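Residue numbers (my numbering), protein chains in the order written: chain A, 167 to 613; chain B, 167 to 613.
Any given hint could be a false lead.
It does not matter which identical chain is meant; a pair holds if it fits inside one copy or across any two.
The list that follows gives simulated cross-link-like pairs (lysine to aspartate or glutamate, EDC-like), each with its CA atoms no further than 16 angstroms apart [what the hints assert, rightly or not]:
| # | residue 1 | residue 2 |
| --- | --- | --- |
| 1 | Lys-592 | Glu-574 |
| 2 | Lys-217 | Glu-383 |
| 3 | Lys-236 | Glu-222 |
| 4 | Lys-501 | Glu-458 |
| 5 | Lys-334 | Asp-531 |
| 6 | Lys-313 | Asp-406 |
| 7 | Lys-186 | Glu-420 |
| 8 | Lys-214 | Glu-383 |
| 9 | Lys-313 | Asp-396 |
| 10 | Lys-313 | Glu-220 |
These aren't lab readings, by the way, just hints derived from the structure by calculation.
Because the structure is a prediction, the values reported are computed rather than measured.
There are 2 protein chains.
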Amino acid sequence: MEITKKLSELVYSSYPLKDKRALEMAKLGVIDYLASSFAARDDEGVQKLLKLIEEEGGYQNVPIIGQNKKANFLQSALINGFLGHALDYDDVHSDVRGHPSTVILPALLSLSSCENVSGERFLSAYVIGVEVMARLGQAIGSDHYIKGWHNTATLGTIAASIACGYLKNVSVETFQKVIGFAATQTGGMRAQFGTETKPLHAGFAARNALQALKLAEINFGGTKSALDGDSGFFALYGEDPAPSALLFSRWGEEWKIYSPGLWFKIYPFCSAAHHAADAAVRLSYKNEFRIEDVTNVKISFPKGGDAALVEQNPQTGEQGRFSVEYVVALALHKKALGLENFKNKCIDSSIKTFLPRIERVYREDVEPSPTAVPKGRFTIVEVEANGATFTERVDLPKGAPGNGLTFEELQEKMSSALQDEEKTVKIVDEIQQLERSQTMGKLLDVL
Amino acid sequence: MEITKKLSELVYSSYPLKDKRALEMAKLGVIDYLASSFAARDDEGVQKLLKLIEEEGGYQNVPIIGQNKKANFLQSALINGFLGHALDYDDVHSDVRGHPSTVILPALLSLSSCENVSGERFLSAYVIGVEVMARLGQAIGSDHYIKGWHNTATLGTIAASIACGYLKNVSVETFQKVIGFAATQTGGMRAQFGTETKPLHAGFAARNALQALKLAEINFGGTKSALDGDSGFFALYGEDPAPSALLFSRWGEEWKIYSPGLWFKIYPFCSAAHHAADAAVRLSYKNEFRIEDVTNVKISFPKGGDAALVEQNPQTGEQGRFSVEYVVALALHKKALGLENFKNKCIDSSIKTFLPRIERVYREDVEPSPTAVPKGRFTIVEVEANGATFTERVDLPKGAPGNGLTFEELQEKMSSALQDEEKTVKIVDEIQQLERSQTMGKLLDVL
Chain A
167 MEITKKLSEL VYSSYPLKDK RALEMAKLGV IDYLASSFAA RDDEGVQKLL KLIEEEGGYQ
227 NVPIIGQNKK ANFLQSALIN GFLGHALDYD DVHSDVRGHP STVILPALLS LSSCENVSGE
287 RFLSAYVIGV EVMARLGQAI GSDHYIKGWH NTATLGTIAA SIACGYLKNV SVETFQKVIG
347 FAATQTGGMR AQFGTETKPL HAGFAARNAL QALKLAEINF GGTKSALDGD SGFFALYGED
407 PAPSALLFSR WGEEWKIYSP GLWFKIYPFC SAAHHAADAA VRLSYKNEFR IEDVTNVKIS
467 FPKGGDAALV EQNPQTGEQG RFSVEYVVAL ALHKKALGLE NFKNKCIDSS IKTFLPRIER
527 VYREDVEPSP TAVPKGRFTI VEVEANGATF TERVDLPKGA PGNGLTFEEL QEKMSSALQD
587 EEKTVKIVDE IQQLERSQTM GKLLDVL
Chain B
167 MEITKKLSEL VYSSYPLKDK RALEMAKLGV IDYLASSFAA RDDEGVQKLL KLIEEEGGYQ
227 NVPIIGQNKK ANFLQSALIN GFLGHALDYD DVHSDVRGHP STVILPALLS LSSCENVSGE
287 RFLSAYVIGV EVMARLGQAI GSDHYIKGWH NTATLGTIAA SIACGYLKNV SVETFQKVIG
347 FAATQTGGMR AQFGTETKPL HAGFAARNAL QALKLAEINF GGTKSALDGD SGFFALYGED
407 PAPSALLFSR WGEEWKIYSP GLWFKIYPFC SAAHHAADAA VRLSYKNEFR IEDVTNVKIS
467 FPKGGDAALV EQNPQTGEQG RFSVEYVVAL ALHKKALGLE NFKNKCIDSS IKTFLPRIER
527 VYREDVEPSP TAVPKGRFTI VEVEANGATF TERVDLPKGA PGNGLTFEEL QEKMSSALQD
587 EEKTVKIVDE IQQLERSQTM GKLLDVL
């Protein structure tokens, strides 16, 4: 089977918005991505990137979210991709093992600023992008991430390029070439986790996806079978060169955007720490011990369940986004798990001195829950104080599919990010009826 | 050992132009790269890329070679990288198993257009870039290419970013970060061989290398150890995660740019076919058979020696750049191995009907010559005609290190590419005394 061609054919003939669950989740996804981006609007990295593109010049026709500035379509995709992911506050998807919307949506927003695109087509393209990214994630398997690739970047570039192709309604052959232009630009190392470059990967992926579409539009020459064969994408970046079953089975029966679905975050840090956060918050609310009396905290994971949590001894709140120790320490100290505590400034000394009391444990004797998200995941937080042990276990944290955020909760996330009720209502209302908008203009105007 | 840090320290404290052999070869390399780029100035792909960047806008301060046009530093790096490699006429390096100059020089030319840079610093940075790219090639090993990576792109991005850092005389710590920014953008699949995207990889690599430097200059956050550890560059893209001996041994005693040295091409096609080309030209010059009488042609390689020659039955001259069958057929028909026969147009029917008579053979019984380039390579062309067999073997083709082009031959390559004697003399003269130029302005002005 020719994988590249088959995928192109399936995408070309898909109309996902016929499924209302896909439509509703897509709109929630747009709200969440924009809220996450607005929340990061004062991030230091954004200011640096704005300086970077100043040296390049360029047309100013695509908004950069929350900056009252425009730039060209590539530059804006780069920065909007960074913005969405800067705080690690944006949605994740367990099949992707990464962040779909912060790659797909910046690319689509850029294209929508340069062309006349309906809200319906925009949302459809988004659903398609998430579908492809999730299926690529399943097809390439867990070794890809474990080896050191950053799925958001590697899978995102291809997925977003396909979303762009869908937005422009390109032919099957063009899809095949777009996939190749994207695949051959694909990079992104987990070695950059814990630095500003991690969220920049999302920007690179969004920009390179757009570049892939543009190359196809000028009829540039490229392979039509980049996903195929012994030196194709899956062979280079994965273990199985032809994982077609996982890519194609039951295509269109359901959509990955709602099944298992996007995970919208209530906390601005890595989702792998959300189970522990919920558990620690519960322990803390129960008020069964005093923090001064805690001698030891044990956090138990299934093997590899903490791979993304690369910081055991963070110095700054920013590094703390990838530290389950920091998150649990904050919660046990009844400190807020909000934006303020995850910025690029030194962490509180009371927290810092507490960190050595926390240890990670890997347990193979624990049975994962069938409803766990991600599949097979659990986190158990055990606190020892005054000789007693207090335990909470979480398999399905708040925000995860099956325990998801409601429309109102996402509106609240937007409101908290924007600190501007009028603008919140304007944006959320526009997204709520986006499938009936003839153009994306009204939404783009308020970014 | 921390590989990223060690490499940065070595580069930082290197002054390669003290070695006159490095200086002379660097100047030849600049001539060859520019000649190869001018030869491609009417290439269709260049016109497409010019259209592509029109949509982006941007400052116009860096020349695009042979186009009487300027663009911003990223755009020009992209197109100048493509131009140098478009005809596969540019230098190769056996340690790289790819093309160093068409990645390194476009990045350096872009930087030199934006800053005040001396000719000496420019040439030094170029020597450093080639050094790093060759050593990365040796360190990552032959499996990297065989698996499906395009070394020009994957190794070139990092090497060119280091050359850029050297040009700007950045600190050791900044070098470490630049390497990380480059490594995490690294891609490039051999699946694109035989398409316009292959040379575009050189452009992407040059552009991304510059992007890496610029990120360091705005003090963006990134890892300082991207080459290290179990999920570092060598672990992800190669087999051995810590190949430090090959990276560092005898650093600075000689320079890779002359030992084994750049290979300047006399033919505008893949260097893996140059041995066969020389052999076929010799057979043809000897005039011992008539082409009509040839029943069979056998081309023998060591196993894997023809991996880059992906076209066995090319339809166009462009595809013929990667077809040893096409090259040998042309030579045996006494047709020129010049630019005209490797363009994007259909190949002659007399050649096309001859191709099925040619077969490839892999021989393990042949002893490679100790002076072969690349190491272990040979090609034997055997022609059967009227019951007799005519044989030529080539281990070291014209242009390869040890059988290299002279200054005069490279001047001739420039002249043939430019078709303008006055301009040829102007450019070649400027390069000949480049190490004494206070700025790069005079050279940039004539591109």
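Quick rundown of the hints versus the structure:
For a Cα distance limit of 16 angstroms, the shortest separation of Lys-592 from Glu-574 inside one copy, 14 angstroms, qualifies, whereas the shortest one across copies, 70 angstroms, does not. Taking identical chains as interchangeable, the C-alpha atoms of Lys-217 and Glu-383 lie at most 16 angstroms apart only when they sit on different chains, with a minimum of 10 angstroms there against 30 angstroms within one chain. Proximity of Lys-236 to Glu-222 under the C-alpha cut-off of 16 angstroms is found in both arrangements, the shortest distances being 13 angstroms within a copy and 12 angstroms between copies. In the homo-oligomer, the alpha carbons of Lys-501 and Glu-458 lie at most 16 angstroms apart inside one protomer (15 angstroms), although the nearest pairing across protomers, at 88 angstroms, exceeds that limit.
When the C-alpha separation of Lys-334 and Asp-531 is checked against a cutoff of 16 angstroms, the pair qualifies neither within a copy, at 51 angstroms, nor between copies, at 56 angstroms. Proximity of Lys-313 to Asp-406 under the C-alpha cut-off of 16 angstroms is found in both arrangements, the shortest distances being 14 angstroms within a copy and 13 angstroms between copies. In this assembly of identical chains, Lys-186 and Glu-420 lie within 16 angstroms of each other by CA distance solely inside one copy; the values are 11 angstroms within and 67 angstroms between copies. When the C-alpha separation of Lys-214 and Glu-383 is checked against a cutoff of 16 angstroms, the pair qualifies only between copies, where the shortest distance is 10 angstroms, while the shortest distance within a copy is 31 angstroms.
Taking the closest pair of Cα atoms, Lys-313 and Asp-396 come within 16 angstroms of each other only across two copies (8 angstroms); inside a single copy the shortest separation is 19 angstroms, beyond that limit. For the identical chains of this complex, Lys-313 and Glu-220 are neighbours neither inside a copy (36 angstroms) nor across copies (39 angstroms), given an alpha-carbon limit of 16 angstroms.
Of the hints listed earlier, those the structure fails to meet are numbers 5, 10, in rising order.
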